[in-house]
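Given chain G, put chain U in place with the hints provided.
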Amino acid sequence: MSYKVYVDQTKCIGCAQCYAACPNKVFSIVNKKSIPEHADKCVGCRACIVKCPTNAITIEARDVEALYARFYST
Amino acid sequence: MSKVLFASARLEKLEKEYSLTYKFMKLLDMSPLKNIVAEGNIVAIKIHFGDMHHGGYRIIRPIFIKMLVDYVKKLGGIPFLTDTWGLKHTVVGIENGYGFIGVPLIPVSGIKENDLVKIHVPNPLRVNEIEVGTSVFYADVLINFAHSKGHPSSGYGGAIKNISMGCVGPNTRSAIHNLEKNDTIGRAFQEGLADAFHAVVLNKYNKVFHINYVMDVAPTCDCAPWSDIPIVPDIGILASEDVVALEKATIDLINQAPIAPYSIAEKAGIKPGENKFLILHGKDPYIQVEALYKKGLGKMEYEIIRV
Numbered sequence: 001m002s003y004k005v006y007v008d009q010t011k012c013i014g015c016a017q018c019y020a021a022c023p024n025k026v027f028s029i030v031n032k033k034s035i036p037e038h039a040d041k042c043v044g045c046r047a048c049i050v051k052c053p054t055n056a057i058t059i060e061a062r063d064v065e066a067l068y069a070r071f072y073s074t
Numbered sequence: 001m002s003k004v005l006f007a008s009a010r011l012e013k014l015e016k017e018y019s020l021t022y023k024f025m026k027l028l029d030m031s032p033l034k035n036i037v038a039e040g041n042i043v044a045i046k047i048h049f050g051d052m053h054h055g056g057y058r059i060i061r062p063i064f065i066k067m068l069v070d071y072v073k074k075l076g077g078i079p080f081l082t083d084t085w086g087l088k089h090t091v092v093g094i095e096n097g098y099g100f101i102g103v104p105l106i107p108v109s110g111i112k113e114n115d116l117v118k119i120h121v122p123n124p125l126r127v128n129e130i131e132v133g134t135s136v137f138y139a140d141v142l143i144n145f146a147h148s149k150g151h152p153s154s155g156y157g158g159a160i161k162n163i164s165m166g167c168v169g170p171n172t173r174s175a176i177h178n179l180e181k182n183d184t185i186g187r188a189f190q191e192g193l194a195d196a197f198h199a200v201v202l203n204k205y206n207k208v209f210h211i212n213y214v215m216d217v218a219p220t221c222d223c224a225p226w227s228d229i230p231i232v233p234d235i236g237i238l239a240s241e242d243v244v245a246l247e248k249a250t251i252d253l254i255n256q257a258p259i260a261p262y263s264i265a266e267k268a269g270i271k272p273g274e275n276k277f278l279i280l281h282g283k284d285p286y287i288q289v290e291a292l293y294k295k296g297l298g299k300m301e302y303e304i305i306r307v
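In order, the protein sequence lines correspond to chains G and U.
Oh and the first sequence: position 65 is 65 in UniProt numbering, straight run, nothing missing.
Oh and the second sequence: position 190 is 190 in UniProt numbering, straight run, nothing missing.
Chain U extracted, bound-state conformation:
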């Protein structure tokens, strides 16, 4: 059983220590990050810089990223923020407020996505070779700070997809998207995600930490040129060294949550406890979690530790 730290968005008391920002700092203190980040380590923090056209706006609030950055610096690490799609996307990140955090924003694979390393996937399910961005490949530590939300190709996108699509080159993105034609439930696509994830973390044994920002759980990806009302009330932030346990816990919590009024989940008539993303997108989000589990990259059983 793997431990998943959970900072709830609910304010239990009228004290700042019960607000999510302060709980997030506590979560980081309780996390294994102090054993992962060593003095002098270059730490890649993978986030999503946001939609290229600013139609989509429900992304991670910069203050949470600043708190993570400050914590990494306190541990002696040298953090930078990174995402895919070259320099043009980095500019979007600056415009979205991430340029004021005080650390470099660096494209994951160079200004035009040419800086890639080819990695052979061990025991591949769908894709044998993955192009990994050098900014992540050569970083000493990878902190995966993902926004949990829906996605039309995989039902859901969170910690797994943030790495699998967000740390690789265009040939890999294309190869995985081409798998969408194989079936309607999203199995091939999500198993492709699992292969890409495996390749990215391959040279980072005990040097990866995963965080899910389960706020503004929008129906679709941060890359879409629009945002809609989230499908559930804000849940909080979850984190674990075990991405399988983290994603399972996150999707379970989203499924258990009530439906947000005026959201498309309400329009779809979804009830609490139902597999929300499967109903909205027709893709079962648990496939990606099970694919990583099958590859030996984590455990399905989890214990939630409330912060």
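With the rest of the complex left out, here is chain G:
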């Protein structure tokens, strides 16, 4: 099960705390901004969200791809 990761480029200050914290190496720092280059590797541990000083990172709820999503309208 993979997550979708978003970094708001207007909020990101390029501090790289997400880059340093992510156990699955989702982020790259390009031109002093964080890019979720390997978003498919995210498993939703939320280390990046916990550390981000500007609330720039959001991850889409994993449950939308879970098996029980079949009971809900799309």
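Where hints are given, some of them may not hold.
Unchecked claim - Here are the simulated DSS-like pairs of lysine-lysine, each with C-alpha atoms no more than 27 Å apart in a straight line:
#1 G:Lys4 to U:Lys181
#2 G:Lys33 to U:Lys88
#3 U:Lys118 to G:Lys25
#4 U:Lys207 to U:Lys3
#5 G:Lys4 to U:Lys66
#6 U:Lys26 to U:Lys181
#7 U:Lys34 to U:Lys299
#8 G:Lys32 to U:Lys88
#9 G:Lys25 to U:Lys66
#10 U:Lys112 to G:Lys41
#11 U:Lys88 to G:Lys11
#12 G:Lys41 to G:Lys11
#13 U:Lys88 to G:Lys41
#14 U:Lys181 to U:Lys66
#15 U:Lys295 to G:Lys25
#16 U:Lys181 to G:Lys41
#17 U:Lys204 to U:Lys3
#18 U:Lys204 to U:Lys271
#19 U:Lys3 to U:Lys34
#20 U:Lys66 to U:Lys13
#21 G:Lys25 to G:Lys41
#22 G:Lys32 to U:Lys112
#23 U:Lys294 to G:Lys4
#24 G:Lys11 to U:Lys112
#25 U:Lys181 to G:Lys25
#26 G:Lys33 to U:Lys112
#27 U:Lys204 to G:Lys41
It should be emphasised that the hints constitute simulated quantities derived from the structure, not laboratory data.
What follows is chain U alone, placed relative to chain G:
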């Protein structure tokens, strides 16, 4: 055979003593907590502070936590509430009403999850090393107050998962979630949970007590940004020193229960007696229970003591 205390949510008589709040106080009085909490002990009460965006709202009602806190204080303990995800999650806990209970809310591993202790897992099934949050590691007592509900990765999340995912750092959460790729039934993930659980309780022999809040048994985790109608009618609160017996009893009771109208369990056509979480999530929730049993952390046989 292990004893599991059970306070039923059903009001048998029109007297306050038969309401769940009063039964919960009685349950605490009957529990071994008086032998676990000693005068001056710092007592970590691990709960789930709730969804970061307040889409999910079916969490433990604060009054039950206040009752537990008051009981711990009566025993001479110094309680605090704790959960993972750093300070931002603590703020969510305050907003959800847990800030009015009158005890500190402390992140399990520091404001940004840097305060962790690495623990080697004895006889690991999947993960050799676990990062345990210092707020729990250094606490004298751990009271595990979990909300029982469904979970997409393990079918079910209750007392085991509250500790295994809720008292550890991001590297451990990631390592366990990475195991989801190993199989479709949730075996590797749940055996990873068992390793994490083992590491967290390792320095707390006879100093851990487990409580399952089997109310608002929602289809998915408290961390999801939504809540749906519970899949079964409210069951009550169960508690034990033996987490294996407690979780087995809890899942058994949920499986025996009738289906709640308008819930997704009704939509799925589930019948009472069927393994509800296996049908909803495709993950067999008993795997985590059996994994802890295999590790020698409890007994599968239980006796329910009604409060």
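*So which of the earlier hints does this model not fit?*
Those not satisfied are hints 5, 6, 9, 14, 15, 18, 23, 27.
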